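Those protein sequences? They're chains E, D, B and P, same order as listed. With the numbering used here, you'll find the first sequence wraps up at 100, consecutive numbering, no jumps. With the numbering used here, you'll find the second sequence wraps up at 1478, consecutive numbering, no jumps. With the numbering used here, you'll find the third sequence wraps up at 2166, consecutive numbering, no jumps. With the numbering used here, you'll find the fourth sequence wraps up at 3649, consecutive numbering, no jumps.
These are computed hints drawn from the structure, not numbers from a lab. Accuracy of the hints is not assured; some may be wrong.
Unchecked claim - Simulated coverage check for chain E against chain B, where a stretch passes if three residues somewhere in it have a Cβ under 8 angstroms from a Cβ of chain B: (1) 14-21; (2) 60-66; (3) 69-83.
On a predicted model such as this, the values are computed, not experimentally measured, just so you know. Heads up, the beta-carbon is just placed ideally off N, CA and C, and yes, glycines get one too.
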Amino acid sequence: MVGMLDYAILSAVLFTVGVVGILIRRNIITIFMCIELMLNSVNLLFVAFSRYMGHVDGQIFVFFIFAIAAAEAAVGLALVVAYFKLKETIEVDEIKLLKG
Amino acid sequence: MNVSINYFMLAPFLILTAGIIVLSLMGVLKENGKQTSGVVASIFLLGDLYYFVKLMPKVSYRSLDYLNGAIHYNLFNLYLSILVIVCAIASFVLAEGFLREEDFRHSEFYAIILSSIMGMLAMLNTVNLINIFVGLELTSIPLYSAVAYFRYKERSVEGGLKYFVLGSIASGFFIFGIALIYGATQSVVFREILTATKDDSLFKLGLLFILSGIAFKASAVPFHMWTPDAYEGAPTPVTAFMSIAPKAVAIVILVKVLYAMFPDMFGLWHKAMFVIAIATVLVGNLGALVQNSVKRMLAYSSIAHAGYLLMAIVAFSVEGISAILFYLAGYLLINIGAFGSLSLLKKGDIDFVDYDNLRGIGYKYPFFGLLLSIFMFSLAGIPATIGFVGKFYVFKSLIVKGEYILALIGILGSLVSVYYYLRVVVMMYMKENPEENEFKFNLLSLVLLTVCAVGVIYFGLFPQSINKIAVMAARVLI
Amino acid sequence: MQLAFYILSFIAVFAAVMVVLSDRPIVSGLFLLLCFTAISGLYITLSAPFIAAMQLVVYSGAIIVLFLFVLMLLNQHRESPSKRNRFVTFVSVLGGVLIGVFIYLTMLKSKILLSYTKMSAVGGMKNNVETIAGVMFKKYFIPFELISILLLAAMVAAVFLSKKRV
Amino acid sequence: MTGYVWLIPVFPLIGFLINGLFGKRLSRKTIGVIASGAILFSFLLACVIFFQMNSSVELSEKGIRNVLFPWIHIGDFSVNFGYLFDRLSGSMTLMVAGVSFLIHVYSIGYMAEEEGYWRYFAYLNLFVFMMLTLVLADNLLLMFVGWEGVGLCSYLLIGFYYTTEVASDAGKKAFIVNRVGDFGFMLGMFFLFTLFGSLEFQHIREAVISAGLKPEHGMGLITLATVLLFLGATGKSAQIPLYVWLPDAMAGPTPVSALIHAATMVTSGVYMIVKLNYVFQLAPITMLTIAWIGGLTALFAATIGTVQNDIKKVLAYSTVSQLGYMFLALGVGAFIAGFFHILTHAFFKALLFLGSGSVIHAMHHAFHHAGIHDKDPQDIRNMGGLKKYMPKTYWTFLVATLAIAGFPPFAGFFSKDEILWKTFASSHRVLWAIGAFAAILTSFYMFRLVYLTFFGEFRGSKREEEALHESPSVMTFPLIALAVLSVIGGWIGFPHIFKLPNVLEQYLEPVIENTGGIHFLHNSALEWGLMDVSILCAIAGWLFARTLYAGKSDVPGKLAKTFSYFYSILLNKYYVDEIYFALIIRPVKKIGDFCWLFIDTIIIDGTVNLVAYLARCFGRIYSLYQNGAVKVYALTMLGGILVLFWIFF
C-alpha cells in the first residue's frame, strides 16, 4: 500500500530537483520554472497530508499556493521583460551590476 | 460554523482595500491622478492609524479575536502595526519629493506599497501560519516590484529581479516548513502547535525551513545576500520603507514562531539563533566598513542592526522582547532620517549617495548637516540618542541572561560601526568641497526629518514613554 | 492505485529532472507541463479532484503558457554555452543533493509519517468541492480575500513594470 | 539654593544653545561674553551651593541630590535623571567650573582671529555641560552620558581645524580609541548592575556596605566589572594601552588641550574610580593592575617626553605621565592623594598649556610677520630667549614648571609627594622607585622645555624677532590666576608630618569607604626621608636639564663665537655631568626614542591600525564574495540551510 511516507519522499525529491535547478540553470525563466517545481512539491505534500489525516484544510492551502504562484509568475515575468528591455539578456550570470 | 462578517474587525483591511482600488483606478485615469495620489494614499493610511490608535486602549487587557485567530488584535500586534503604518506614511512623505525630483510619479507606486502594508498587517495580526504565509507573499510581491519601480533604470530593475528570485526561493522554503508542521500537528494555529508534543523529527525539519524562510526576510546571515543589492537598487524612499517595516515584521514573526510555537525546542533553536545572530552582526558591520556608497553602507548597517535584534531574540525574556520593540521604534526614527536625508541629495535622475558626494555638505547646508549627523551618531549608538538607549536595552537583556559572548560581539560590532557612520560626518564637516552640487531640499521632507531628529534626541533622553508601552506589549507575548 | 502512483511519480520525477537538464528553455517548459500533469494525476490518486482540476487550469493553462509566451517574446531559444566554472556547478549540485538527502533521512526517521499508512476515511472524492468551499469561505475567508488583493496588486505591478517610461 | 544643583550644568547648556543657534549673527565680543559668562554663573552657583552644603552637617554628609525625573524604567531596573552634589563631586565641580572659566576667558584672546569663532565657543560650552553632567551625575548611566558627551566634544574640538587632514584624523582617532574604552565602561556598568541591582552611586555604596563585602570574598564578577571600568578609564584618561590618542589630540586649538586634554576630561577616569573606590577596593587584582599600569604609564610617557621637540607634544606626554601618577595613587589605595593630584595637576597643567599657547601665539605672529608659512610655530627648536619678550608668560610658565617638577612649596610637590609616600607606605617599593625615577624625568623634560623656549638666544631671523610680543591681557590674566593657584593650590593638603591640617583629606575622608582593608605605614622619619628624596629628584632633573640645555643654542655659528669659551668651561666643569650624560641621560634618551619610535608608533599605533586593517581586509574579502551573482547568493542560502541541518541534527 502506498503510504504517506511515499508521497513525502516524492515531494522531497521534487523539491530537491527544483533547488538544484535553481542553482545550475542560467536562463532566468528556467529558474522560475524550478521555483514553480518547488512550490508544486509543497502542494503535493499538503494534499497528501490532508488526505491521510482526513483534514481538508490542506487542500485549501494548496489553492492559496496556486494563486500565489500565479501572482509570482506575473510579477516575475514582468520584471524579466523590463530587464530584457534594458539589457537584452536574461542570463542570471550577467546580472551583476550591483555588487560589493 | 456560521460566519457573520465582523466589519469592525476587518475595518483596517477594508480601508486599505479601498485605498488600493482607488489608487489603481487613479493610475488608469492618469491625467489628474498623478498629483494627488500621495495625499490620497496617506489619507487611507491615516484612517488605519486612527483605527489602531483607538483600538490600543481596548486591547490593553484582553485581545480581540476573530475567526479562530485569523485576525487577532493584541497590544503586541497593534504596537507593530502602528509602527508599520507610521513608517509607511513617513516614506510616502519622502517619496513625494523624491519622485517629483525624478519626475516619475505614478499612483501605482502608492497602490503597490499599500498592498504591501496590507500584507504586513495581515501577517502581524494573526495567530495562524497560513495567514502569515499569505501575508508574507502579499508583503513581498509588491515589494519586489516597488524595488524595480524605476523600470527604466538598470540598477532598480536588477535589484528587483534579484530580490524576486531569492525571495521566491525563500518563500518556497517557508511554505515547505509550514507543510511539514501542518503534517505533524494537523494544524496551523499557534496555540495548537504550541501544545503539541514535539518529539518527532518532522518538527525539527519544519522549524528549520520556517526559520530559514523568515531569516531571509529579516536579512539574517547567511540569507542576507539580497539585502545590499536590493536596497541599493531601490528608490531611496522604498529603501527606507524596506529597511524598517518588513524587517520589523520579519523579526517579530520570528519571535512569535520561536516563542509562541516552539519554546519547548529552545535548546535547539537557541544554538541556531546564536550562530546566526553573531554572523549577522559581523557580516553587517564588516561589509559596511568597505563601502563607497552611503546607501549601500546603510544597507549593510541594516543587516548589522538586524543582528542586534536577533541577539535580543536569543535572550528569550520579556526584557529581550521589550528591547526589540523599543529598538524597532528607535530604528524607525533613525532610519527614516538617514535614508530620508540621502533621498534629498538628488538632482533629476541622479542620486548623490556616495561618500564623496557628501564633501563639505555640512558647511553648505548646515541644517541638513546637523540632521544627518544626529542620525549617524544615533546609528552609531552614541548616548543621548535613541540609538544608544535601544542598544543599551538589548545588551542589558543579554547580560542579565548571561549571554556574555553575544553581548561582547554585539558591542565589538557596534564599535566597528562607529568608524563608518562617523566617516559620513567627517566627510560632511572635515573635507573641502570639490563638488559643486546645488540641491533643492523638499520642505515637507525636511520637516519630517526634523521631527525624526527631535524624536531621536527626545526619546534618547526620555525613553520612558515608548518603553512603557513596549514592556506592556512584550508581556502579552510571554 | 499503487501502480498509478508509481507510474505517475516516475513521470513527474523524470520530467522534473528533464526540466533541469534541458538547455532549451522551451523544452524545459514543456517538460514542466508534463510534470505538472503527472502531479495532477497524483492528486487524483489522493482523491482530490478539485485540486487536480485547478492544477491543470492554473498551472498548465495559465502559468506555463505565460512562461512559454514570454520565452517566445524575448526570443530565448537556447541558453548560451556555459561560461561558468564547473566547480560552482559541482558545489551547487552537491549542496542541493545533500539537502535532499537530509530531508529524506529525516522523513525516514519520522514516526508521524510512518504512522499514516492508510488514507483517512473522511474527505474522499465525494462532495470534495462542497467540503472545500464550506471550509474555505468560512474558516479561511480572510486569506482568501487577501489572495484577491494579492492578485490585484500583482496585476497592477505587472502592467506597470512592462510599460515604457512616460 | 540646594534645589538648584541642576542649574550648574544648565548654564553652559544655555550658552551652547545661544551660541550654537545664533552665533553666526552675533559679534565676536558677545559670543565670548556669553560663553564665559555662562561658565562664570555655573562657577558662582557651585560656590554658593558648596558653602551652603558645608554649613550643614546633614547635607555635607549625604550630599545634595536633585532628582529631575525618572529616566529609564524597565522591570526592576530603574534609573533617575538626577544630580548629586556631595563633597567629592562638589570639589570637582568647583575645579572644573573655575578652570573652564579661566580658559574661556583666555580663548577670547587666543581664538580672536580664527574662523568659526562661534562654533568654537558653542562646542566649548557644550563640553563644560557634558563634563559637569559627568561629574555631578548621581548614577553610572548618566555619568556615561556625560562620559560620551565629553568624548564627542573632544572629537569636535580636536577636529576644529577641520581643513587639515591631521586634525580630522586625530579627531577620529581620539573618538575611535575612546570607544574601545567606552564599551569597557558600558560592559562594566552592566556587570555592576547585575551585582548590585542598581546603577546609583548611593545604592551601590549602601549595597556594598550593608552586605559587608570584603576582598577576601573573592568575587570574580567584581574583578571583571572593575577591570572593564578601568578599561574605560584607560581610554578616557589616556593610559597604556589606550593613550595613543592624546598626543595626536594636540592638533586641536591649544586652550582645548588645556581644558580637555589636561585639566578636566582626561581626569574623569580617575574621578570615576575615586567615586567608586568602595567597589574597586573589593578587587585587589584590579587595584594591582591599576597601580602597575599607572606606574608604567608615568615612566613610559615621561621617557618619551624627554625627546619631543613639539612644545605641545612634550606637554601631552607629560599629561599622560601625570595621569599615570594618579592611577598609581588609586592603585595603591591612596584615593585622596589621587584626587588631590587631579586638582593640582589641573592648575599647573592648564597653566602650562595656556603658557605654551601664549608662546605659540607669539611665534605664529612672528612667522606671519616675517612672511614665513612653512615653519612650525610649535617647534621648540625655532624658539629660544623668549623670556625678555614675554615676561608674564615666562614667569607663570616657570611657576607651573616648578609645580609639576615638585619643588616645594608649589602645588605639585604636595600631591606628588603624597602619592609617592603612600605608594611606599603601602609597601609597593618597586612602584615607588619607578615613580621617583619618573619624577626625575619630569623635572628634566620640563626644564629642558623652559630652557629651550625661554633662555638663550632666539633661534629665528631678526625679522621674526621684531614681531615677538607679550600676549594681550585677556590671555595673561588667566595665566596669572592659574599661577597663583599653582602655588597655593597644594596647601590644602599638607603632609601629616608638617603638623598642619590636611584640609582636603579631612574633608574627603567620608567619601572613601575602606572596604579593602588597605592600610599605610606610619613612620615620620621615613616620610621625611622620602620627601627629601623627592625634592632631590626634582633638583636632579633640573640640574641635568640645565647642564644640557641652559647655555646651548642650535645656531652653530653664534654658539661657537659667543659661547665657545663658556661652553667648554661648562663642559669641563661639569665633567661629572658628562659621565651622567653618558651613563644616564643618553640611555634614557635612547629609551625615550625607542619608546616613542618603536613601542609608541609601531607597536601600539600599529596594533590599533592592524585591527582596523584586518577589519577592512575581512570587509574587502567579504565584498568580493558578494559578487553580484544570484547563483552565489542562492548557494549561500543553501549553505545556511546545511549549517542549520548540522546544528539541528
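Taking 8 angstroms as the Cβ threshold, is the statement that the stretch 69-83 of chain E is covered by chain B upheld or broken by the three-residue rule?
Check passed, 13 qualifying residues.
Residues of the stretch 60-66 of chain E with Cβ under 8 angstroms from chain B, three needed, outcome
holds (count 5)
Verify the coverage statement for the stretch 14-21 of chain E against chain B, using a C-beta to C-beta distance below 8 angstroms and requiring 3 or more qualifying residues.
This one holds; 8 residues, not fewer than the three required, reach chain B with a Cβ under 8 angstroms.
Checked against the numbered hints above, the structure breaks none of them.
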